[in-house]
Amino acid sequence: MNKQDDKWLDELISRTINTTKPEFDSEKWKQKYPDEFKTLQSRAAQQTAHSVRWISLLKNPIAKFAAAAAIILTIAFLAIRPAPDKKVEIVEVTNTLKSPAEMLTATSLMTTYRHDGMEAMEIQMDEAIEKLEPFTATITVQELLAEINGT
Amino acid sequence: MCGTLDKERLARVSAERQPARKPDIALVEAAISGDPDSFTELCRRHYPAMVAIAHSVLGDRHLAEDAAQQAFAKAAVKLPQLKKKSQFAGWLATICRNVAKNMARSSKLLHSTDDVSMIAAETHKNSKSEVVKEALSKLSASARELIFLRYYDGMSYEQMSAALGISEQAINGRLRRAKRKLADYLRRKGFGKV
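These protein sequences, in sequence, are chains F and V.
27 is the number of the first residue of the first sequence in the numbering used here; add one for each residue after it.
1347 is the number of the first residue of the second sequence in the numbering used here; add one for each residue after it.
Chain F with its partners taken away, still in its complex shape (with noise of 0.2 Å):
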């Protein structure tokens, strides 16, 4: 279709489909489904209730110190509970560490600190001593840096 035929053929279209803007008349139509209306009315009204009885419960004395009570709890939970997530990560990166070198760095040691408490630092730093026994009398300085090293 060329442009011609488009025009000739918009022409005839648009004569033949009644083009007035059809206007919505909100009035007339609320009238006529005063039904469909009120439900939507209603709405609003639910809204607001919904909106009261909340504004209501929470001028409540009582139901003020529940919230808080609850607040506080779940805190408390919050805080007091280990996280065992954590737990297992560091048990991981504790026995990834192979080497005595790594075993026994400052980070390594302090971490294990941290997480786990004094013995669990004593029971590394033991566990990077026993690496490292016993020792040959003819041990070469290669071999003694590639034992500390873990290679």
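Warning: the hint list may mix true and false statements.
Pair by pair, the computed Cβ-Cβ distance ranges are [what the hints assert, rightly or not]: (1) F:61 to V:1487: 47 to 55 Å; (2) V:1534 to F:68: 50 to 58 Å; (3) F:51 to V:1371: 30 to 38 Å; (4) V:1504 to F:47: 16 to 24 Å; (5) F:51 to V:1367: 18 to 26 Å; (6) V:1383 to F:47: 15 to 23 Å.
Partial list, computed: chain F residues near chain V (C-beta under 8 Å) [what the hints assert, rightly or not]: (7) 40; (8) 42; (9) 48; (10) 55; (11) 58; (12) 59; (13) 65; (14) 91; (15) 139.
Hint data in this document are derived by calculation from the structure and do not stem from the laboratory.
In this text, a Cβ means the ideal position worked out from N, Cα and C, and glycines have one as well.
Chain F is fixed; fit chain V onto it per the hints.
Here is chain V on its own, set in the frame of chain F:
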């Protein structure tokens, strides 16, 4: 592409729609949370498109206006069930299409080819508009709907895309095919200089 559908009219329509206005989704949310004015604003906004859709089914302007209003009434009740609020226009169009089809069935006005051909034959056989109406009735329901939306409300492809939930390219293609069919039919009836 616009022809007499007119750049002027399209410009006027788009100018009317220009002023900064709330998007549909905001009005839908407001209506759901109990603001009837937002709902009537949505009705005002989509009324012409809904009348066009209903007209394409019913073939009668007054009945189409009734159908559009009835569709709004149904939408008012079902609005909280709308899951994708951004697709309000498409959802409303579906309701309107169903309302119009039900009205057509109940009043036996369904835009069937035979009915319109008969009416056209009985009455103004030589009337141009009757032949065009007959040509429109030969189109598929979806193609006829596109023609009505485009010529009735002067909707842009973008607006049609939002209302019908199909891409602008698809609208362009379907509209072109529909117009070609119309042109062929009308040429066979002795219309046009082409």
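A quick look at each hint next to the structure:
1. Between residue 61 of chain F and residue 1487 of chain V the CB atoms are about 31 Å apart, so this pair departs from the stated range of 47 to 55 Å.
2. For the pair residue 1534 of chain V and residue 68 of chain F, the beta carbons lie near 56 Å from each other, so the given range of 50 to 58 Å is met.
3. For the pair residue 51 of chain F and residue 1371 of chain V, the supplied restraint of 30 to 38 Å is violated, since their beta-carbon distance comes to about 25 Å.
4. The hinted window of 16 to 24 Å between residue 1504 of chain V and residue 47 of chain F holds, with their beta carbons roughly 18 Å apart.
5. Range check, residue 51 of chain F to residue 1367 of chain V: Cβ separation about 19 Å, and the 18 to 26 Å hint holds.
6. Checked against the hint of 15 to 23 Å, the pair residue 1383 of chain V and residue 47 of chain F passes, with Cβ atoms roughly 22 Å apart.
7. Interface restraint check for residue 40 of chain F: the shortest CB-CB distance to chain V comes to about 6 Å, inside 8 Å, so the restraint holds.
8. At about 4 Å, the closest approach between the beta carbon of residue 42 of chain F and any beta carbon in chain V falls short of 8 Å, and the interface hint on this residue holds.
9. Interface restraint check for residue 48 of chain F: the shortest CB-CB distance to chain V comes to about 5 Å, inside 8 Å, so the restraint holds.
10. Hint on residue 55 of chain F holds. Least Cβ distance to chain V is approximately 6 Å, under the 8 Å limit.
11. At its closest, the beta carbon of residue 58 of chain F sits 6 Å from a beta carbon of chain V; the interface hint therefore holds under the 8 Å criterion.
12. Checking residue 59 of chain F against chain V: minimum C-beta separation of about 4 Å stays under 8 Å; hint holds.
13. A cut of 8 Å between beta carbons decides the hint on residue 65 of chain F: the least distance to chain V is about 5 Å, and the hint holds.
14. Against a cut-off of 8 Å between C-beta atoms, the interface hint on residue 91 of chain F is violated, since the closest Cβ of chain V lies about 31 Å away.
15. Annotation: residue 139 of chain F was flagged as interfacial toward chain V, and the flag is violated, the nearest CB pair being 54 Å apart, outside 8 Å.
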